[in-house]
Structures are given as structure tokens and as C-alpha cells.
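Engineer: Throw the hints in and build the complete structure from the sequences for me.
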Amino acid sequence: MLYVDGMNGVIGHPETIQWLYTLIGSKFRLVVKTALKLLLVFVEYSESNAVLLIKAVNAVDMKKGTNRPWSNAMEILSEKDGVDTELLVYTMSLINKTLAALPDQDSFYDLVDVLEEQGIVLCVRVCV
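With full-length UniProt numbering as the guide, the letters of the sequence shown map in order to residues 1 to 128.
Note that these hints are calculated values from the structure, not bench results.
It cannot be assumed that every hint is accurate.
[Said to hold, decoys possible] Dumping the calculated DSSO-like pairs for lysine-lysine here, alpha-carbon to alpha-carbon at most 30 Å:
1) K97 - K64
2) K97 - K33
3) K64 - K37
4) K27 - K63
5) K63 - K33
Structural biologist: Structure (C-alpha cells):
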């Protein structure tokens with residue numbers, strides 16, 4: 001019961017989702033890993049949460065002044081020094097689960113276009 005009540009609280013508080021997304025840009029590995037895991041639980045909890053995550057990501061990246069949504073996730077994927085495979089797996093899982101839960105093709109292709117513009121194809125090729 002606590003899980004459901006707590007998740008409904010997170011769903012109703014977009015600032016928490018924004019904060020978790022901000023944390024995946026941290027320089028501390030355990031903070032990033034924990035934030036990614038929590039965001040994965042959030043997206044898996046309900047399909048409608050994928051749209052909430054995208055809104056939170058856009059809000060955070062807009063506040064940062066970057067025109068690149070998902071820039072924190074892309075920084076993890078494109079990191080050259082000290083590649084941490086666990087973080088790569090969690091980041092790709094978050095992106096894939098978000099894409100899979102999107103309600104329409106337009107949203108899906110909008111997100112795919114944003115990620116391709118930032119070089120996700122190259123990141124995946126290098127990681128494999």
C-alpha cells in the first residue's frame with residue numbers, strides 16, 4: 001500500500017521527477033545509479049508516467065538553457081572516461097521503457113529524433 005500511495009505522490013509532484021532527472025547528471029556514480037533506478041520504477045509503474053517523465057526532462061533541460069532534451073542521459077551514454085556498464089544499461093533501459101510506453105507515434109518519433117540529433121546511434125555502436 002505504501003508503494004502505491006508513495007508513487008501517486010510522486011506522480012502528482014512533477015518537481016520530484018525533475019529533481020530525479022537532474023540527479024542523473026551528478027558526478028557521483030551511486031547518486032546517478034539510484035536516480036536511474038528510481039526513474040525506471042516510475043516509468044514502469046504506469047504507461048502514462050512516460051509522458052510525465054518527458055515533460056520533466058524538457059523542463060529541466062529548458063531551465064539549464066540547453067536545446068537538447070535528455071542531455072543528462074546522453075552525457076552518460078557518450079562518456080569516454082571510466083565507462084560504467086551498469087550506468088549504460090540503466091540509462092538505455094530508461095530510454096527504451098520511456099519510448100515503449102509513449103501513447104502515440106508522434107511522441108515516439110519526436111523523442112527518437114531528439115536522441116538521434118545528439119548521437120545516440122554512435123553511442124550505441126561504441127558501447128556494443
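Engineer: For each hint, tell me whether it holds in the structure or not.
Structural biologist: Outcome of the hint check:
no. : hint      : verdict
1   : K97 - K64 : 25 Å, holds
2   : K97 - K33 : 16 Å, holds
3   : K64 - K37 : 23 Å, holds
4   : K27 - K63 : 19 Å, holds
5   : K63 - K33 : 23 Å, holds
In this structure, none of the earlier numbered hints is contradicted; all agree with it.
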